[in-house]
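Generate coordinates for the entire structure from the input sequences, incorporating the hints supplied.
Sequence lines, in order, name chains Y, H and X. Numbering-wise (the working numbering), the first sequence opens with residue 1 and increments by one. Numbering-wise (the working numbering), the second sequence opens with residue 1 and increments by one. Numbering-wise (the working numbering), the third sequence opens with residue 1 and increments by one.
Hints were generated in silico from the structure; no laboratory data involved. Mixed in with the good hints, there may be bad ones.
Unchecked claim - With a cut-off of at most 16 Å between alpha-carbon atoms, the simulated EDC-like pairs for lysine to aspartate or glutamate come out as follows:
#1 Y:K443 with H:E464
#2 H:K82 with Y:E482
#3 Y:K371 with H:E120
#4 Y:K25 with Y:E141
Stated by the list, open to error - Which stretches of chain X does chain H cover? Using the computed rule of at least three CB atoms under 8 Å from a CB of chain H, they are:
#5 52-64
#6 80-88
Keep in mind that this is a model prediction, so the values were computed, not measured. Where a beta carbon is used, it is the ideal one built from N, C-alpha and C, also for glycine.
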Amino acid sequence: MDILTLFIVIPVLTIIGIVFSKDHKQVKWTAAIGMGLQLIAAATLIILFLMERKAGNMAEMLFVKDLVWFPSLNIHYLIGVDGVSVAMIGLTAIVIFAGIFASWEVEELHKEFFITLILLSTGVFGFFISLDLFTLFLFYEIAVIPMYLLIGIWGSGPREYSAMKLTLMLMGGSALILVGLLGLYFNSNPSGGQLTFSLLAISKVHIPVEIQKFFFPFLFIGFGVLGALFPFHTWSPDGHASAPTAVSMLHAGVLMKLGGYGCFRVAVFLLPEAAHELGWIFIILTTISVIYGALGAVWQKDLKYINAYSSVSHCGMVLFAILMFNKTAMTGAVLQMISHGIMTALFFALIGMIYGRTHTRYINEMGGLMKVMPFLGVAYVIGGLASLGLPGFSGFVAEMTIFVGAFQNVDTFHRVATIIVVSSIVVTAVYILRVVGILLLGKINNEHYEHLGDAKWYERVSTGVLIFGITAIGLAPLWLSEMISGGLGPIIQRLLMASPIH
Amino acid sequence: MINFGFTVWIVLIPLIIFVLVGFFGNRFKPVVSGIVGTSGLFVSMALSYYTAYQYFFNVPRVGDAFQKLIAYNTVWLRLTEKLHIDLGVLLDPISVMMLIVITTVSFMVHLYSIGYMKGEKGYERFFSFLSLFSFSMLGLVIATNIFQMYIFWELVGVSSYLLIGFYYTKDTAVAASKKAFIVTRFADVGFLIGILILSFTTGTFDFITLTDPNGTAITQGGGIMFLGLSTMTWSMIFVFMGGAGKSAMFPLHIWLPDAMEGPTPVSALIHAATMVVAGVYLVARMFPIFHFSAPVALDVVMYVGAFSSIFAAVIACTQFDIKRVLAYSTMSQIGLMMFALGVSGYGEEAGLGFMASMFHLFTHAFFKALLFLGAGAIIHAVHSNYMNEMGGLRKHLPITHITFLIACLSIAGIPPLAGFFSKDEILAAGHEKSLFLFILGLTISALTAFYMFRLYFSIFWGKEQNYHHTPHEAPKVMTIPLMLLALGAIFAGLLPFASFVTSDGKPLAMHIDLAIAIPAVLVGVFGALTAMVFYRKETNIPEKISTALGGFYRAAFRKFYMDELYLFITRKIIFNYVSRPIAWFDRHIVDGSMNGVSYVTNEVSTRIKSFQSGQLQQYAWVFVTGAVALALAFIYLWTN
Amino acid sequence: MFEGVPLTWFLIVATLMFFIGIYGFLVRKNLITILMSLELILNSVNINFVAFNKLLYPQHLEGMFFTVFIIAVAAAEASVAIAIIINIYRRLVNIDVEKMEEMKY
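The structure is reproduced here in structure tokens:
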């Protein structure tokens, strides 16, 4: 078996293991061991990938495997990875591993919970390794559907409403994506002959500009919905607020990245001319996303809402960077996806842990928690500092790469958009420090809080893994950034060929 | 030539101590953290002195000028083909000078804190943060490229945030730390935009390439105009915005007085001697670009510096919190340094202002750190920050009294103390530019002498207050740094500074021009004497004057309402008129439209569901009607 | 045996029965009446079958057989329908079609 299929097989085996587990403890440990293996597999994949590249294997995709599974429509199980997908797989493995430990205390229907959670992660892993558009879409749906159950059953607050809203909006996005994918499929072979869903094959084809312009908005908006593109982001605050901890982590940390990944792997890569011509519309929208999400977060009082709006802002930056169409900015976009993925997972994990103790998420009802739970407090401050782009953490690396990349575009429109996006980091500082100030510092304003305990061991594992991820990337970003930018070559080349200046 | 690779350790030792104390400090007795931190800084300091000795005396010069050496360099992140962020060590006269200043003051502050922070909760946290700050600040000054500087720039910002908010259960401290961080962050965005423009225009981050007067960056950069100014000018104005934020220049100064909420050693280290001069250092570092490519930006530096200086000096005369007086004094002195840079030319005698600025930075570090540490000893003794609750302390705190007096004399520019020499050079540089600037400088000097001696006389002379317990002198571990710094405040001015640090690296002969020195000393003495008349004995002259000045005094006392203005902008405008409507807009318009879609779907479905009534008879009606209609149509067509 | 009676007469009777049945089916609310209307419709068809069979293929009996078949099916249908109606009546004490909308929408 090849290493990539392993990423589908391990979760499936874990699910089977959970089905046959007897009690709560066994379920938890099966899930933890399974996802631990997954994390090890991801690390191995990164090492193998780097070794292959070092050995001089400069193929566009590595570890490619191709099986036909639906011959009449020419659908393949075509998998392979480049630097970007490897990085995303690493991210997913970290977040799901931390997510298992963050949901250590789920009691209600625990077996079903872990099964659904791991099913979701299977979809995500499948999405990142697929190179066949149909298979990719299939995994995408596998990742999105369990969300409904996870929020609807294990959520809090108006969970049915939120689950419904989230699922319907994402399904709306899927519908658009499907139209776009079919459009690609039926134009995948302009000279006649066998049509194909293969991403690699389509990327060699020149699709007429008019057709590209028709299908590009479908794909970009479709994936953009998942990437919280303004004004299609409103599922995010409600959905996150109602979702259980691990689901918020996985959703904001990984699932939202499916949007960004899809946008550039499918929309921009396969339809480059249209991306050039229509990019300006989406640059406006993403710029609005960035600044609007940040300003929206300033006023919120619910911790999860704050983080959800902050995610809108950060994910907006991802899409913004993708639309800058140069290698630096796109590397920054992927870095930002990874950085934000880990960071926001950390935030949601911490919010869940704090909520588990104080039973409120309203910051005004809390205060001085640093004193009673120093570990969680320090972790929150670290997350906050990473989020506002402090050097030494991953956020800085990602943001600076994006800004420098975006600044390579010389015209006034791009410049103004870039400067607006840059200025969002002040607003980020405002809402992060506001939360830290109210929530953690100051005096304890509720005497019940004085007896709360600090993090338990599994909570420490969960946050520790994520903090390690943030700082490791933040301190030594070079290998990751090189790995990612190495994978972007074909995309950049195709964009350059399509650029109107060329 | 000697290998300077070891200079990396000057920076790394504090980082290692930060990690060690931060993670393991709570396993040992608190004082262990203090001792570990202090000894680490001692090693750093020793290495810095060694570096300075080697650099100034044993490195061969090129055409009489000190070279810029890259002691260490490694690529940290590659951005584009041309642009990459490096981490490294750059040695040149100003960075070596800064190494000495920072490690010395930091060591003194560490030593002092062992005594000052005794018994405080979070002792080891304090020392780990101090080490973090020292690491960041050292990393900032030895930066080989502007992006490395930005990285450490942010890190000093966050260490400052952590240290101001050290007493995190105190609301004012939390608010002050937040304010400091956000205001400087706002300025840093300017800095970042400046870097982006600069790097895009010149294609490099590297300081040596950027500041080479014959290099491509200066000779070719900045051709494109935008709003009447070249891109280079714009980028330098933005870069200076970052510097102004960190150095508390008007109008970004508002965080500095509040930052005094932090423990006093922190104020001495960060908000007096080192971090706040980072802006001056930044301008000095980029000076060739300012001078050759962006003279307009340099004028901005001059005006902002001069205005901030006089502005802060006026406010300092009205404040009662001794740490705030010192904070405004710091702002005023930094304004002078900026001003000196702004009037300076490049090379030879024209670069006098540059040298004066650096010289003042050097001497200021000693006497201002001394003043703050002295203030710390006083606060430690009387448990109050307000000078009107003090008086007659000279008998109780003899060592503090003498060292404080030395610092006051030094800052007032009385010869032969350190402040006299450096301030004299600044006034000379101002005089070369214009008479008006010279008179402005003299006014600031007079005000400086006045408010410093106002402080001195109110604390140590005047009527003795009813203290809770008799004030007692601080322990040795606190007074020794005071005495050492006092030595610096006395003798630092006697160094032949101009033979080491100049705008182009070539040594300069320093001389005292009596035509400038005499008026400077006279206004200093005049200011000090006025203060003595007002405050040595209790008199009602100050009240009379303040009532006579009326509105102006009140405005100065309320710091010219800058805080209120900022509060208005942030609270009212940003929070109420921007963020709140956006939150509303998001909930009601954007989300409303999404909910609207579902509502419309729901409504349409309700309307059309009556077609699907389940009533068979209704269906049959439709069916029969349809069948009949079809039949009729068929017959009609058939017959025609 | 139908000598002298023209086909048209049979058709008129069948048509009348058919439309009376349709009318009853559409407007009556009582389930039993609706069932009776249905029977009328079926029987009108039966008459047509028999009449046309005699007219067109007097030697064959397909029309007759079909009629018998329909009668048999109708009997079965009527018994099932009445069983349902009785059940409904037991539960709701009512056999008005418009009242039975518990599972609507």
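Hint check:
no.: 1; hint: Y:K443 with H:E464; verdict: violated (36 Å)
no.: 2; hint: H:K82 with Y:E482; verdict: holds (15 Å)
no.: 3; hint: Y:K371 with H:E120; verdict: holds (15 Å)
no.: 4; hint: Y:K25 with Y:E141; verdict: violated (30 Å)
no.: 5; hint: 52-64; verdict: violated (count 0)
no.: 6; hint: 80-88; verdict: violated (count 0)
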